[in-house]
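Input sequences plus hints: build the corresponding full structure.
These protein sequences, in sequence, are chains F and L. Counting from 1, one number per residue, gives the positions in the first sequence under the working numbering. Counting from 1, one number per residue, gives the positions in the second sequence under the working numbering.
Treat the hints as calculated values from the structure; they're not laboratory data. All values derive from a computational prediction rather than experimental measurement. Just to be clear, a hint being listed does not mean it is correct.
No copy labels: a pair is met if it fits in one copy or bridges any two.
[Unchecked claim] With a straight-line cut-off of 20 Å between C-alpha atoms, the simulated SDA-like cross-links for lysine to any residue are: (1) K2 to N76; (2) K166 to Q112; (3) K166 to R185; (4) K166 to N154; (5) K166 to G8; (6) K166 to E75; (7) K166 to S141; (8) K2 to N154; (9) K2 to S27; (10) K166 to M1; (11) K166 to A183; (12) K2 to M191; (13) K2 to Y36; (14) K2 to Q100; (15) K2 to C31; (16) K166 to E140; (17) K166 to E95; (18) K2 to H24; (19) K2 to R89; (20) K166 to I34; (21) K2 to V25; (22) K166 to G50; (23) K166 to V13.
What follows is each chain in one-letter form.
2 protein chains.
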Amino acid sequence: MKYCSHCGSTVTVTIPEGDNRPRHVCSSVSCGIIHYQNPNIVAGCLIEHGDRLLLCRRAIEPRYGLWTLPAGFLENGESVEEGARRETREEACAEVEILQLFTIFSLTHINQVYMMFRARLHEPLFSPGEESLDVRLFDESEIPWTELAFPVMNQTLRHYFEDRSKGEFNTHIGAVRAVGEGAGRRIEVEMLQRGDV
Amino acid sequence: MKYCSHCGSTVTVTIPEGDNRPRHVCSSVSCGIIHYQNPNIVAGCLIEHGDRLLLCRRAIEPRYGLWTLPAGFLENGESVEEGARRETREEACAEVEILQLFTIFSLTHINQVYMMFRARLHEPLFSPGEESLDVRLFDESEIPWTELAFPVMNQTLRHYFEDRSKGEFNTHIGAVRAVGEGAGRRIEVEMLQRGDV
Numbered sequence: 001m002k003y004c005s006h007c008g009s010t011v012t013v014t015i016p017e018g019d020n021r022p023r024h025v026c027s028s029v030s031c032g033i034i035h036y037q038n039p040n041i042v043a044g045c046l047i048e049h050g051d052r053l054l055l056c057r058r059a060i061e062p063r064y065g066l067w068t069l070p071a072g073f074l075e076n077g078e079s080v081e082e083g084a085r086r087e088t089r090e091e092a093c094a095e096v097e098i099l100q101l102f103t104i105f106s107l108t109h110i111n112q113v114y115m116m117f118r119a120r121l122h123e124p125l126f127s128p129g130e131e132s133l134d135v136r137l138f139d140e141s142e143i144p145w146t147e148l149a150f151p152v153m154n155q156t157l158r159h160y161f162e163d164r165s166k167g168e169f170n171t172h173i174g175a176v177r178a179v180g181e182g183a184g185r186r187i188e189v190e191m192l193q194r195g196d197v
Numbered sequence: 001m002k003y004c005s006h007c008g009s010t011v012t013v014t015i016p017e018g019d020n021r022p023r024h025v026c027s028s029v030s031c032g033i034i035h036y037q038n039p040n041i042v043a044g045c046l047i048e049h050g051d052r053l054l055l056c057r058r059a060i061e062p063r064y065g066l067w068t069l070p071a072g073f074l075e076n077g078e079s080v081e082e083g084a085r086r087e088t089r090e091e092a093c094a095e096v097e098i099l100q101l102f103t104i105f106s107l108t109h110i111n112q113v114y115m116m117f118r119a120r121l122h123e124p125l126f127s128p129g130e131e132s133l134d135v136r137l138f139d140e141s142e143i144p145w146t147e148l149a150f151p152v153m154n155q156t157l158r159h160y161f162e163d164r165s166k167g168e169f170n171t172h173i174g175a176v177r178a179v180g181e182g183a184g185r186r187i188e189v190e191m192l193q194r195g196d197v
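Here it is, written out as structure tokens:
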């Protein structure tokens, strides 16, 4: 951010009075607006059809050609569930019944919060949307673990199979952080352990 | 938004190619960047100390003088839990143990998603932060229902007492929408009913 979107003046990075974080602040005395930047929500669905789960093969960057769960940025004016349903419609041309909020992951290194719903596909009606090369149903034994696009989807699928084997689905919340640089870069996952009941 | 924050040119509202929503798009041919606008997350805590709950009286607008639960905008670089804990520290000078994610409400008319955690205050150590006039512990019978600042906090407290009376706390997700204008304006709440188990 270099220019004020409100008045067109230049912007400087400074800690405003009464604040404790650097912000992008308009340098014009007559404007001086503070441009806050905050994390975005990514909403999506983990979709069951019988014993199988629906995955999409990405037709866009990043991670072109890898498999993922339908998900994308929540839009203004929609609820998180509506966003998850819309993304499923756009990427997999599927209408689903949302069952529950399943995983919430803060990706603090890229300022995103993923919210994934467990959902059900009643009829096996789906096809690749514009952002997908392929859409397919996978048994647990067929999941392409080494060809998944994002660690957050890997985590969501792991929690799913773990909960399914226990016969009870819970809501899981945690953080997925990228630590280190270059070849030493690795993903760290920290789940919130539920306190008392 | 009137100017491009990237190059300072004017911005027009138009539907970009391959998109289906109006966006703020830079009018400069050499820039042409799309400025997406997305909902913000508000993170906060519903705090137990024994049978009582902690509320803060607002020292800022909107709703100066009314009672609320500590909450505020999630910042870049922090997880949702960290944001909820920081807001509690800032508004109530309290350190809490987070127990579980309790309510998630999409406020579609103002593009916010509230995420409230159930948390516990082990020692009764708290005091008003800069944005609070007062911080106090309330029994169920003492909750100032008619002096609560925001419908979303009202909803969160209602779910809390309902779950507590059942002896089991769940995660609740829904939407809070303002419908109508002026004197006819009312709040509609729609909860996601959990599907199968």
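These are the hints, each one checked on the structure:
no., hint, in the structure
1, K2 to N76, "between (24 Å within a copy, 18 Å between copies)"
2, K166 to Q112, "neither (30 Å within a copy, 35 Å between copies)"
3, K166 to R185, "neither (33 Å within a copy, 46 Å between copies)"
4, K166 to N154, "within (19 Å within a copy, 35 Å between copies)"
5, K166 to G8, "neither (57 Å within a copy, 56 Å between copies)"
6, K166 to E75, "neither (35 Å within a copy, 36 Å between copies)"
7, K166 to S141, "within (17 Å within a copy, 40 Å between copies)"
8, K2 to N154, "neither (37 Å within a copy, 41 Å between copies)"
9, K2 to S27, "both (10 Å within a copy, 16 Å between copies)"
10, K166 to M1, "neither (48 Å within a copy, 50 Å between copies)"
11, K166 to A183, "neither (37 Å within a copy, 51 Å between copies)"
12, K2 to M191, "neither (37 Å within a copy, 41 Å between copies)"
13, K2 to Y36, "both (13 Å within a copy, 16 Å between copies)"
14, K2 to Q100, "neither (41 Å within a copy, 40 Å between copies)"
15, K2 to C31, "both (15 Å within a copy, 13 Å between copies)"
16, K166 to E140, "within (15 Å within a copy, 36 Å between copies)"
17, K166 to E95, "neither (28 Å within a copy, 34 Å between copies)"
18, K2 to H24, "both (8 Å within a copy, 16 Å between copies)"
19, K2 to R89, "neither (36 Å within a copy, 32 Å between copies)"
20, K166 to I34, "neither (49 Å within a copy, 45 Å between copies)"
21, K2 to V25, "both (10 Å within a copy, 16 Å between copies)"
22, K166 to G50, "within (17 Å within a copy, 32 Å between copies)"
23, K166 to V13, "neither (50 Å within a copy, 50 Å between copies)"
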